[in-house]
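So the sequences go chain by chain: P and R. Residues in the first sequence are numbered consecutively from 61, following the working numbering. Residues in the second sequence are numbered consecutively from 8, following the working numbering.
Calculated from the structure, these hints are not laboratory results. Take the hints with a grain of salt, since some may be wrong.
Coverage of chain R stretches by chain P, computed from C-beta distances (three or more under 8 Å per stretch; other residues unrestricted) [to be verified]:
(1) 136-143
(2) 191-204
(3) 260-266
(4) 279-291
For each label pair, taking beta carbons as the anchor points, the in silico distance ranges come out as [said to hold, decoys possible]:
(5) P/301 <-> R/64: 49 to 57 Å
(6) P/132 <-> R/81: 34 to 42 Å
(7) P/131 <-> R/286: 57 to 65 Å
(8) R/125 <-> P/513: 39 to 47 Å
(9) R/286 <-> P/513: 56 to 64 Å
(10) P/428 <-> R/125: 32 to 40 Å
(11) P/245 <-> R/118: 48 to 56 Å
(12) P/307 <-> R/152: 52 to 60 Å
(13) R/64 <-> P/307: 22 to 30 Å
(14) R/166 <-> P/302: 53 to 61 Å
(15) R/129 <-> P/131: 15 to 23 Å
To give an idea of the chain P side of the interface with chain R (calculated C-beta under 7 Å), a few residues [said to hold, decoys possible]:
(16) 169
(17) 205
(18) 208
(19) 335
(20) 337
(21) 342
(22) 479
(23) 482
(24) 486
(25) 490
(26) 504
(27) 505
(28) 508
(29) 514
Note that beta-carbon positions come from the ideal geometry of N, C-alpha and C, so glycine has one too.
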Amino acid sequence: MNSAIRKSGAIAAASALMLALAACGSNNNEGASASSEATASATASALASATASSEPTAKPDPVTVSYIAAASQLNYGGIKDLIAKWEAQTGNKVDIQAIQDDQYDNLVKAKLSGGGDIDIFFGAYAKYDVPNQLLEISGEPFESRLNDIALASMKYADGKIYGFPSPMALSSWGAFYNKKVFADLGLTPPKTLDELNQTLEKIKTADKTPIYFAAKDGWTMLQHRNGVNGVIGGEDPTIWDKLNNNQIGWKDIPGFLEQYKQVEEWSKKGYLNKDLLTATYEKQQQMLVKGDAAIIFQGAFVVPELLKIDPAAEIGFFPLPNTDGSQTIALTGATQVYIAKNSKHAEASKDLLRFLSDQAQVQSYLEISPGVSAFKDVDVSDKMPESLKEIQNIVNSGKLSRHGDEAYIVPLPYDDMVAAYSELLAGKITAEEFVKKNDDMFRKNAKIAKIPGF
Amino acid sequence: MHHAYKKTYYPVYYLIPILLIFTVFYLSPALLGLLYSLTDASIKTSGIRFVGLENYRLLFSDGGAFFVSIWNQFKFAILDALGKTAIGLLLALLLNRKFRGNHFLRAMIYVPIMFGTIMIAIIFNYILSYDGFLNNLLSGIGLSALTRDWLGSFELAMYSVIAVDIWVGVGWSMLLILAALQSVQKELIECAEIDGATPLARFFHITLPSIAGTLNLSFLLSIISGLKAFDIIYAMTRGGPGHATEVMSTFLVKSMSAGSIGYPAAISVLQFIVITTAAMIISYFSNRRESAS
């Protein structure tokens, strides 16, 4: 009898395992959507006048395209209106799914992995199994309209393009400062580390917070890291290739350690806000605009938020200083918008993204949410606030490096990075320990992500 | 009159439904987890390769963060259980006396356990933030020297979260102990009073021994609950600042950010071993105590 129980248990266990493994193996359904392509293929024709695509041969049945965006992205540039315009022109529908920002990546990965119904989504090549999950779209007209950095960022390691550029402004990172505080104290934007430290001391003496960090949400704190990557990428443009090939590690980059020695010093000398580990992004903005804090390290996307608090706020920008004052900044490539390889509406999705990246729509988007354009045929400098003009001037001067998260192929160990940054800012670890942790966590992630050479 | 009892044997196939449920929902996931922990499975790449103990090696070479999370989990569980039981005892002793508002106070103390954890975490994030209610209150009554960044301090964050969890769960311990107190023999107490025993002597020599089993139960159940703690910690601090409030489950959740399946599976296997071992030790001592009493 016991034997019978054991046998039936073993059979049930084996059956369950086989079912589970079969389910796991069912993801490799390349080309599963081929049949549906034909249905939607003529959708593009309805947009011929707006997008210069080919003439229609027959009006297709309307389709519904799923457009999965991070919730915050949908607040800018009148993007929903642009999508509505495309819907009106084509008769197709767009199912806009707004996902909470911090859950976005995991949700998209889960949908892709599970073969879920997904057409259009955002991201970076490092986050996906590019050839197997993303639709290749090389040869689209936007290629000749992108600036060099944006075009380079659109190309995957195999030289092919798997995404459309979003009309969003390019971002850059560095120090945003309150011009009135600087003017009242007789300060000018520092270029070297020595100048920066003298500036910080004078601000502290004036009883203001020299640098305000917001680490309640880790990502706001990590904008400083993006600025640091701009500095080291400017000091050695080959740095990302060397790191990608595992020829060097982070601890082998002197400029990287130098930047974090500064952070260690800021913590020791009391240049940072006391509530940095629970301060919010919103409070950081308010402190800068009010002039209680003098400097924050952020991305260019903070500027509209600062001006919402006080449209008359005088905000300036300077790149993160380094030893020789070379003043380079990292510039993102265009935000990439992908079509799932197994999308059932690939042609309609392409058509929508062609429409959103054409000159008229990009111009419209950037006039509402001004910033540095990825497109050579769109320029909204005259509509930019002062700090963004300062970034545009640096872009025009060519003192640029690629954005680290786009150039570096190892996925960011986000939570480990947030923990290490918190420890450094709180004075719990030294700059040397931080750099070693940084090196270790990226190596571990490279192994987990199965990146060759690690 | 003598009753003849006869043992009845039921057919073994009666067990098949429960065996199937157990296999599909418990055994298979556990076995799959164990298998995945030995592979490089990932939601980012197709194809699975056997990598032996590589995921475990990566975990142990992770700068000790996993061991910190184990230590924090036990620290949380033990302090949380001690707090709930000790404060629960004091509250039960108070509410065991008859006074006006007694029942209202009991309900008030028990109410937090009925609130959603995330809601509690959001409220306490506001109360304990640097410019939140608690610090404003302290400043308002002239105790600004006591203001702290309760959730942002590496030294205080764990104790802040434990305090909130005690506030949530102490009502349950209190009710358990209150029930035990009400079953203490009144005659014994009265005899001791007549013999001139002081209130403290009556408590230590009569009341406490009478409710020791319940205190033990409250402590052990709170420990087990603490070893599983995740939601309140993740919602309040996400395991931070740094790794100050990192416990095994928050460590596991964070390990998923790279898209790997094998590495988190290795963590969950070790978590299973740690918690099962702890539960077996607790069960051993609990059983020994029961058989001794």
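- At the C-beta level, are residue 129 of chain R and residue 131 of chain P separated by a distance inside 15 to 23 Å? Since residue 129 of chain R and residue 131 of chain P have Cβ atoms about 18 Å apart, the given range 15 to 23 Å holds.
- Query: At a threshold of 7 Å, is the proposed contact between residue 208 of chain P and chain R supported by beta-carbon distances?
  - Reply: At 29 Å from the nearest chain R Cβ, residue 208 of chain P fails the 7 Å test, so the hint is violated.
- Message: Checking hints one by one. Is residue 482 of chain P an interface residue toward chain R, by the C-beta closer than 7 Å rule?
- Response: Holds, about 4 Å.
- Task: Could you tell me whether the CB distance from residue 64 of chain R to residue 307 of chain P stays inside 22 to 30 Å?
- Result: Hint holds: Cβ distance 24 Å, inside 22 to 30 Å.
- Query: Does the Cβ-Cβ separation between residue 307 of chain P and residue 152 of chain R fall within 52 to 60 Å?
  - Reply: Since residue 307 of chain P and residue 152 of chain R have Cβ atoms about 53 Å apart, the given range 52 to 60 Å holds.
- Hey, does the residue 514 of chain P contact hint survive, CB to chain R under 7 Å? Nearest chain R Cβ about 11 Å off; hint violated.
- Message: Against the range 57 to 65 Å, how does the distance between the Cβ atoms of residue 131 of chain P and residue 286 of chain R compare: consistent or not?
- Response: Cβ of residue 131 of chain P to Cβ of residue 286 of chain R: about 41 Å, so the range 57 to 65 Å is violated.
- Query: Taking 7 Å as the limit, does the beta-carbon of residue 342 of chain P come near enough to a beta-carbon in chain R?
  - Reply: At about 12 Å, which exceeds the 7 Å cut-off, the nearest Cβ of chain R leaves the hint on residue 342 of chain P violated.
- Message: Just to be careful: measuring from the Cβ of residue 508 of chain P to every Cβ in chain R, is the smallest value less than 7 Å?
- Response: holds, 4 Å
- Message: Can you tell me whether the CB distance of residue 125 of chain R to residue 513 of chain P sits inside 39 to 47 Å?
- Response: The hinted range 39 to 47 Å holds for residue 125 of chain R and residue 513 of chain P, with Cβ atoms some 42 Å apart.
- Item | Cut-off 7 Å, beta-carbon criterion: hint that residue 505 of chain P touches chain R | At about 5 Å, which falls below the 7 Å cut-off, the nearest Cβ of chain R leaves the hint on residue 505 of chain P intact, so it holds.
- Item | residue 205 of chain P as an interface hint toward chain R, with CB separation required under 7 Å | Since chain R brings no Cβ nearer than about 31 Å to residue 205 of chain P, farther than 7 Å, the hint is violated.
Violated hints, listed in ascending order, are 2, 4, 5, 7, 9, 14, 17, 18, 21, 25 and 29; each of the other numbered hints is respected by the structure.
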